[in-house]
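Going down the list, the sequences are from chains H and P.
Taking the numbering used here, the leading residue of the first sequence gets 149, the next gets one more, and so forth.
Taking the numbering used here, the leading residue of the second sequence gets 27, the next gets one more, and so forth.
Hints are computed from structural coordinates only; laboratory data are not their basis.
Each hint should be verified, as a subset may be incorrect.
Covered by chain P, according to a simulated footprint, are these stretches of chain H (three or more residues, beta-carbon under 8 Å) [unchecked claim]:
id	segment
1	239-246
2	260-274
Chain P is nowhere near these chain H residues, computed Cβ spacing over 10 Å in every case [claimed, not checked]:
id	residue
3	Asp226
4	Gly235
5	Asp251
6	Leu256
7	Asp257
8	Arg279
9	Asp505
10	Asp573
11	Gly582
12	Glu620
13	Ser640
14	Ala697
Beta carbons are placed, not taken as given, at the ideal position from N, Cα and C, and that holds for glycine.
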Amino acid sequence: MTCETATPPLLQVRNLSLRHLSASGPITILQNVSFELGRGEIVGIIGESGAGKSTLGNAVLGLLAPEFQRTSGSIELDGRPIDPMGGDGDAIWGRRISAIFQDHTASLDPLMSVGAQVQETILAIDASVPRQEARARAVALLARVGIPQPERRYGNYPHQFSGGQRQRAVIAIALAGSPDIIIADEPTSALDATVQKQILKLLRTLVDDTGISIVLVTHDMGVVSEITDRVLVMRKGRVVEQDRTAVILDAPANNYTRSLLAAVPRLRLSATAGKGQANGNASISTNVGEGNTMLLVAKSVSKTFVRQGFVWNSSRNKAIFALRDVSIKLPRGTITGIVGESGSGKTTLGRIIAGLDRAPAGSVTIDGTQFDVSKNGRRSGLLSRVQMIFQDPAVSLNPRMSVGETLRESIRFGASLHPKEGPADAATMMDRLGLARSLIDRHPHQLSGGQKQRICIARALLAKPQIIIADEPTSALDVSVQAEIIQLLKDSITTQHMTMVFISHDLAVVQQLCSSLYIFKDGQVEDFGSSDFVFSQSKNPYTRALIDARPSRFTC
Amino acid sequence: MALISVALGRLAQAFLLLLAMSLVGFLGIHSVGNPVFNIVNIETATPEDIRNATIALGLDQPIWHQYGVFISNVVRGNFGTSYIYHMPAFALVISKLPATLELACVAMLIAAPVGVGLGLLAGRQSGTVFDRIVLRSSVFALSIPSFWLSMMLILAGAILTGWFPSGGRGATASFLGQEWSVLTRNGFWHLFLPALALAIPNIALIARLSRSGTIEVENLDFTRFCRAKGLSPRRILLRHTLPNISMPIVTIIGLQFGGMLAFAVVVESIFAWPGVGKLLIDSIQLLDRPVVMATLTFISVTFVALNAFVDLFHAVLDPRVRLSS
């Protein structure tokens, strides 16, 4: 406290207000935002989409688009004001403040080797460094961020790196000018949970070792709980609460913070009492009656991707297994989870069951009827039995069709399959899914993300399928909306007596929703069983690693 | 290994393409009319003369037989003798090649750097006055007919100012057994206006393509990241944006270059430039089938070769293509 007057904080944002000049008039994006960042500190900025957290990060970086306008306040670095529009960029970028962005693939130039991109940064900051020395420093930086064999990987291109390694390379580049501050905008959101944990650990180590400071912009409470020292909670352009991380997590003062925390799905590691069915893999079928209990049986499904040669396929193509001899069973009227990291084949299997992808080997049996998965969905008849809900509602609705048109199309399809039952009613379905009937004439761009995903769910239900496949249906949504959608899916499935496959990378969501689950790894089923069994008793090392990768804070 | 199979595949494709093209060209010329009437003097010829000429040219045979004879001759490297010029058809095409080649090369050497430069600058500052000028004038340059553009260039560059000659190839110098205008000062002077007439629409096309590519790439995260890591705007533009927008540009340059070799007829005619395009149109009018077929074959081979070059360039430029196996 006493030294505050002597030295100004490394970074101080005072009463910053920004607005965005759009065609329909100025919109306030940030309102009187103030915060401080000290040396060797990680400050988290958390909020849902539209909270202005990324804009705040860009303002500190001086990378605001020209349509933004500052209406009040200042940003000071070491007590000297800096321009949020980038007017001081040359003196600041790379040298004092650097950045890490969310999308590690898009952050690197695909046509330049990774080493050269680190080297050029070193040379851009200090042109007097000899090229050989810059190269040596670049190798040292790559080693510093944990890239194995940096000397050998120096000449490799971004596409030859894994996602985690690319993000490490981005961190190396951000460190190249020895900046005081790194603005990290969702640095781990595009990464798998196990990799995310490693990257966060790396950032924390860098801060502790070098005294660099990080502003961490994120939507994920888990990330905040893992490495930040202090947290700003933002909502609609205002800071609603800021405090030390422990205080925010344990004793939040603000209602919004509390609701954000409550919405984070938590993983239970102890078996829930009462159900008493945690007796191993066999338990999948115990909660269903005798006889024809399995609605869907997928047997020995395999799919390979042939790596294309350049222009013409070369004689011996390498086959990469997307799925290798995968079998799953869905008990009637239940929700089954498929969990895995990117590239595990979980989405591919979902698309094969839905008839959207073909598989050269294997079979799918629904309700006793066997379908030929080597044919497309229309020819094999799968399309009439299965509907799909996709990850990103923003791109899975036809932008030129109104909500009503989208739903009516689905109703017609459903009615054509079940001529005796009569058509479903769009309005009733909208009521049930909590959609105002007035939305029926709107087009997708006039809807929020949550509303769009509800429309997608309505569209799937109205086609009267036997099985719904939901592929990461909540991962493009804010946490608070995510919780609503999960509840909605659960209710719809139980009231309509449907069966669902829920594909996700999020263990806690799967636990909330699914009675049994399969864990996929590298195109194979690594572990399976009832939810209770897998989370509390499974000894499978990969399952344990997935569970351990979750922030311990949100596991109980 | 992969490269050989790629090359073999390409050759097979090219072969099929040539076969299809020759069939279409052959039947096309056949359906236009009987070349005999362009060869004998219609005023004086007796039916006997016409029949003799028809037999001499092999035109009395059924069309599939004529095609078979043509193909077997081509395989032996013989495209036949021009009905009109009475010299080997392929040698005729080759003799027109230097004029066309130097015209197309100079035009593209003007168009590519100017177009890419304008496009990069316009894209970097999209929405500014400069950008709007580039956009508007590119629409203009693309939509004016080339005969009008050629005549305006003659009017401005030759008649009013007297800076450039208005047509012809001027002095030539011999190189590789052919005559080249570009090697002499006077010849180059003659070459400039027609090259400019061919270059202007291509400048516009390349500039528009570069501009939209630049805007797209500048909006990507990695250009933002390049700024945040401290690179100068100049380095970002030349070292990162330019390589990333060059794929479609190189593709278009390849196609347009091929087009200029074959179809620069209007410009060649107006500037009295004796090139391949003019030869093709004249031969079609005179139903000089050997010359038409020789020209079409040459054009097809050129396009196949240019496309192969473009693919090769992609592989050199893009590690994702180069290192895919």
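field: Hint check, failures only
entry: 5, 6, 7
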